[in-house]
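S.K.: Chains R and S supply the protein sequences, listed in that same order.
Under our numbering, the first residue of the first sequence is numbered 17, with each subsequent residue one higher.
Under our numbering, the first residue of the second sequence is numbered 177, with each subsequent residue one higher.
Rather than coming from a laboratory, the hints here were simulated on the basis of the structure.
Note that this is a predicted model, so its numbers are computed, not measured.
Treat the hints with caution; some may be incorrect.
Just so you have them, the derived chain S footprint on chain R, three or more residues with Cβ under 8 Å [stated by the list, open to error]:
{"hint": "1", "region": "164-177"}
{"hint": "2", "region": "183-193"}
{"hint": "3", "region": "871-883"}
A few chain S positions that, by computed beta-carbon distances, are all more than 12 Å from chain R [said to hold, decoys possible]:
{"hint": "4", "residue": "S237"}
{"hint": "5", "residue": "A251"}
{"hint": "6", "residue": "G321"}
{"hint": "7", "residue": "R458"}
{"hint": "8", "residue": "R459"}
{"hint": "9", "residue": "R465"}
{"hint": "10", "residue": "R480"}
{"hint": "11", "residue": "K514"}
{"hint": "12", "residue": "G556"}
{"hint": "13", "residue": "E557"}
{"hint": "14", "residue": "H558"}
{"hint": "15", "residue": "C577"}
{"hint": "16", "residue": "G596"}
{"hint": "17", "residue": "T626"}
{"hint": "18", "residue": "A692"}
{"hint": "19", "residue": "T708"}
Counterexamples of contact, computed for chain S against chain R with all Cβ distances above 10 Å [claimed, not checked]:
{"hint": "20", "residue": "P246"}
{"hint": "21", "residue": "A336"}
{"hint": "22", "residue": "P515"}
{"hint": "23", "residue": "A548"}
Beta carbons: idealized from backbone N, C-alpha and C, even for Gly.
Each chain, written out:
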Amino acid sequence: MAIPVQASTETVTLTIDGREVTAAEGTTIWAAAKAAGADIPVLCHDERYDPVGVCRMCVVDVGAPAFAASCVRACENGMDVKTATPELERSRAMLTRLLLADQPARDRDPKQITTGDNELLALADRYGVAREDGLPVSSGRGTDLSNPVIAVDHDSCILCDRCVRACDDIQGNDVIGRSGKGYATRIAFDLNDPMGNSSCVTCGECVAACPTGALTNKPIRDVPIRPRSELDQVDTVCPYCGVGCALTYNVDRERGAIAFAEGRDQPGSKGRLCVKGRYGWDYAASPQRLTVPLIRREESYPKGPLSAEVRGDADGERPDQEGRRQDGSGRRRKPGGLVDYAEVLPHFREATWEEALDLVARRLTGIHAADGPGAIAGFGSAKCSNEEAYLFQKLIRTGFHTNNVDHCTRLCHASSVAALFEGIGSGAVSTTYGDVVNADVAIVTGSNPTANHPVASSFFKQARRRGTTIIYVDPRADKMSDHADIFCQLKPGTDVAFYNGVMHEVIRLGLTDKDFIARRTTNFEALAQTVADYPPERAEQITGVPADLIRRVARAWGGAGAGIIFWGMGISQHTTGTDNARCLIAMCAITGNVGRPGSGLHPLRGQNNVQGASDMGLIPMFYPDYKKADDPAVHARFEQLWGTDLDPQCGLTVTEIIGSVLAGGVRGMYMMGENPFLSDPNINKVRKALSALEFLVVQDIFLTETAEFADVILPASSYLEKDGTYTNTDRRVQLGNKVLEPPGQARVDWEVVQDIANRIGLGWTYTSARDVFEEIVAVMPSYARLSYDNLGLTGKLYPNPDPEHSDGTVVMFGERFNTSDGLAHLVPAEWLPAKELPDEQFPFVLNTGRLLQHWHTGTMTRRSFALDAISPRAEVYVSPGDAAALGIADGEQVRVTSRRGSIVLATRVSHREAPGNCFIPFHFREAAANLLTIDEIDPMGKIPEFKFCAVRIEAAGERA
Amino acid sequence: MAKAQAQVPGVEARAGRFDGPSLIPALHAIQERVGWLPREELVTLARDVRRPLYEIEGLISFYPHFRTEPPKRVALHACRDLSCWLQGADERIAALRERYGQDTEIELVEVSCIGRCDAAPALSINEHPATAGEADTLVSAAREGEPPPVATRSYAGGGAWPNDPYSSAGERYGLLRAVLAGDVNTGQIITALQDSGLRGMGGAGFPAGRKWELVAAQVATPKYVICNADESEPGTFKDRQILAEEPHLVLEGMLLGMLAVGAEEGWVFIRHEYGPEEAVIRREIELLRSAGLAGPDVAGTGRRLSVEVFTSPGGYILGEESALIECMEGHRGEPRNKPPFPGVYGLHGQPTLMNSVETFAHVPIIATRGAAWWKDQGAGEHSGLKFFAVSGHVERPGVYCVPMGTTARQLLELAGGVAGGRPLGAIQPGGASSNFLGPDQLDVPLDFATLAKAGSMLGSGALVVMAEGTDLLAAATNVLAFFRNESCGKCVPCRVGSSKAHRILSGLLANGGGPADVNGEISQLEQVMRRTSICGLGQVALGPVMSVARLAGSTGHGAGDARNGTGSGDGA
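Let the sequences and hints guide you as you build the complete structure.
M.R.: As structure tokens, this is what we get:
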């Protein structure tokens, strides 16, 4: 978005420094001069942003009394431009001097003493001018150190407006602007608030934009920030969410630590990062990392939870005012925050890898031998690489001859994937998040992308500024609602009724794509018949969304030339999750909105590698590449490929495995990087199940809540300590490169899996992640032609007919769908209420989800300095009206109780909650939301209803 | 704005600006209701309209009208700029400070020129204009909560000005009626304006007829017409008089402009210090509406001609045409990079005809009596009439309408000569931004070309008179201080350059330095500010200082480089 002019076919011819130059109409003089080889200095201009022309450094002589700012002035026919006359150069030198006079001295400049790339000082060197050369100097405009990781130095600020444009135009956060007037002008956050108290989300885009020392990164964990030339650059991918932003870690090899992270250009993320990616990488350096294999001590049997929080008897203590743990308080435990190793570690003894792995192999094979394949199950992780996911499922399937292998996709998009397979024959997105720019209308539903997919949300916000209509459908009025043209705040669990109502109107108004329906879909009549019963008025009764608003959505959606739907867990995590997703598929199919640029279906994937882990077959009903596990032909092919007998039936899912354990089915489990104790619904039930397991091996980087139930704990490598590939929400397969050495005896996960495989006689000989990837590509047609060599720095989308020359397929299903007949199968859905409705005893609907700063069970993010500092405590979000009615003030401790459990946490009074609803993030072990949630599941996707259960809220009183 | 932006080359980024309705009216409403802008109200506003908090911060910290603290009972604003400074404002302000400085009920603020230079040193008390002599009485009254008295100073009144073609109130708007009746077409008016050679009277002097023709030729719609009634340069108050005494000419000129260019919406953008004059204009607009000459269906033609008043939230910079537009759009009043000019890309990115009060006021008589008549009104070869505000050390400060080309000496004589019969020290013939001329240049005809040739400019039509003995470098530094105070801060040369130059010159004055001590550093700063600033403010800020140095013969620079004015509305 560098030049604010539409591509033009007209050209203009002008003279620049005596040379005739021809440029497209609308080209700026600066761009034309650059192309012609002229080096015009800039400060406020940066090709990432639209020009503002405020620093005047780039002025050129166009023959007018005043010079023109070449960054913004367009080329005109016949112009005679001079870019470097003596007067221009004198002007630039003087402008540099003017700015320098108010800067801190070079040896105190926050940029120069860190990354050392202050662009103003570079210009000072270019013009041979210094701060102390005659102009009156000035300072004392102050600093703002209130943000934990970003320092603001107003003396260093030259008011170039780059941060303003970065914050608004790139990230859409709209926090920074100019305050004051004239010489007293400063950049300010919100209403001139301290940065740390403002609505700033600490994405750091402003730091990346700032040419001087005004906005700089603070060191994290005391690793000094030094010039890039003194650090090692490792190009890799962010370990957090499914957006999969490309980044570069600048590594201090002497300290063996990351100094700072920067966004890296890639066709999807385009160099952007969020707070987790830019500042949340130091978890790997936590002193709580597991570094030695651990075996449970004899005296710690019978097994059970070890810490107070996990035992469930922890809420009798009052955290301090901030909800932070208090060290040295003499209390029985440290309330909140991280697991207290002093409480749990004594229950384990250190062991050698040999001993630990031998034990794992012996116990698992023993259970397998005694109780059969059904007695073993494995949970892999969407945080691990494709290679690890592939090997893990291969180990469980070939080593124990069971399909009881699953991972957290079950808790995330299982229902979406079920509906997508049924409807269009493929569970992956039909187009990329960046394709939103080509959409006339984008529906974002059941998703809180500014928190959960921040960089993707920045593209939604940007698209809206360029004319895309954003329709946001969600029970919570979170930040996306501020950026929506139409916001429908529906009642929780009424999505089917809402979309049936919209489709009712689309069909009634004749806004369907009849040709598309005829050629590319089946079962439209049944769909039409079902939605005929959902006129907007009825939909209003169920959803609470005014009928007229439903009609408006229908007209906008039906009238869109290209429409796209993005959705998240608000759609999938319901007992009607599959039905919800069926409706979205139908929404697109009846309007012909699949298969063209700017149209399609995009379930925003949660984990960095949930797409890849699913692709790899880390799910009980699919072998790699979604080959049905109970299809005899598939079964035969994989038996042949892997050279062993396989389980001919689909295995159990995550939620079913927990049930099976309690019923005495599954007896032994291998968990690689999963923490079901916090992530699964109805923790009290999970606790019983984990306690009941005969043998549990947990492979992780920290001693998680789940690991308290383990017989053996294997210290794993973090994402930063290994090579591998990761597949993001866009189907982009990217290389993650090793940044740091694993601590202590911690080992790379896939090697541990291989060692266990070999101990049970599988005879694996993989030598590297690359080696494993080659097998994956050979096994999986979707990944055909991809290789470590052609993935390059920016990865490749699959499917990809020519990865040497192409980024891959953005828009899928242009001609046919992946179903056997190539058609989209429309599946009508009737609205069904949630399983546990509010009543007098439990009058509130509890919604659970994530915060921007935290990741899932918090094992990583709560050990990140920045993320923990910004978001340290568990809170329940309650609407102002409800809070007033309950007599609860903001910050007050409350007890939230469901039929399954009870937690105590602080209140956050938030206008973003609807009356009658409350929201609790599930990251916080000291107030685990999943103690409250219900373990009812969607019949098809087997996904739990995390987004709906009934609770009551009461002041915690003295007990808190 | 984003979409329009894509169509016109050279439009700068929206940094800090947001689509959607201006928040300025909502902020005014809060201030009206609460008396100031409490934080909770601002947070609620931002949430209700889904706009960023920082946008609000940017506005309330930029426009002096907005208060972020509860007001005191009495707001006593004292002008410190050139015309008032020449009449002892410094001493007067010191005395007020002595008297009221510790008074918890009184807020004493030094402010920029409030356009009452004929009553210097000027004050305003609770937004009510006053002279320094009235201060104590009015402060006591305000302290008691009494409403401000009606304007204590009356206009000349009585006889019509020579640019009024109508001899009675009944004849007014005759030309407008003729155009609406189809008896006169607007093409004829544009031709008459072109033939008359009328140039914009706000400062930059762009030919009015050409501007009308240019905007009329634009295909994009809607179009807008804006009357720039935001004259705010020290010494400048002629438009105030025109607004007060011939509002019908201003509005008729505007409405003719709207018909000529094809606009349905017209705005009078008036500085908030002109409360009494705004009331006059509003009454006149009501009169137009009741006469069916403004409104949804004008004179039964089915044409909509809407005229509204936009009260400036404050700041000299808003006189700059693109800053004015930014303000009307609800943004910080920061001038745009140009081109594109407002005629092509103005309000909301649409073609916009903007002229100053005086320019519009001359249109009816030119169109009625013809270009030849207009040309004949000038002195010698000069054409037309010109309003001048005369202030400073002069016997009868006030507004004078004289033939264009009248010499400075003649105008000074009309105003009764230098106060107290003292010898002349210097004049500024075109407002604070114009270069100083010495007594030997008093016979220069007051017109665009002749003043440019003399090394100054016609500028904003304000003759500031300085008696012999005036410290001219101090006077020019006072002017520089005005520009520094009024700089919007958008571009580096103006924001930082004006501040550094002022510090250097203040130091020099404090050490007893004079024009001969103005050094090469200042000269270099002047050059950089003149050539690299975005708008006229920064371009001219150091001009007067350099002219004083030249008058003293201290630098080797010639006096020949013409400077641009601030372009208050009459740029291309």
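S.K.: Please go over all the hints and tell whether each is borne out by the structure.
M.R.: Comparing the hints with the structure gives:
no.	hint	in the structure
1	164-177	holds (count 3)
2	183-193	holds (count 6)
3	871-883	violated (count 0)
4	S237	violated (4 Å)
5	A251	holds (19 Å)
6	G321	holds (31 Å)
7	R458	holds (28 Å)
8	R459	holds (33 Å)
9	R465	holds (35 Å)
10	R480	holds (28 Å)
11	K514	violated (9 Å)
12	G556	holds (28 Å)
13	E557	holds (26 Å)
14	H558	holds (24 Å)
15	C577	holds (30 Å)
16	G596	holds (37 Å)
17	T626	holds (19 Å)
18	A692	holds (19 Å)
19	T708	violated (4 Å)
20	P246	holds (17 Å)
21	A336	holds (39 Å)
22	P515	violated (8 Å)
23	A548	holds (33 Å)
Figure legend: structure checked against the earlier numbered hints; hints not met, in rising order: 3, 4, 11, 19, 22.
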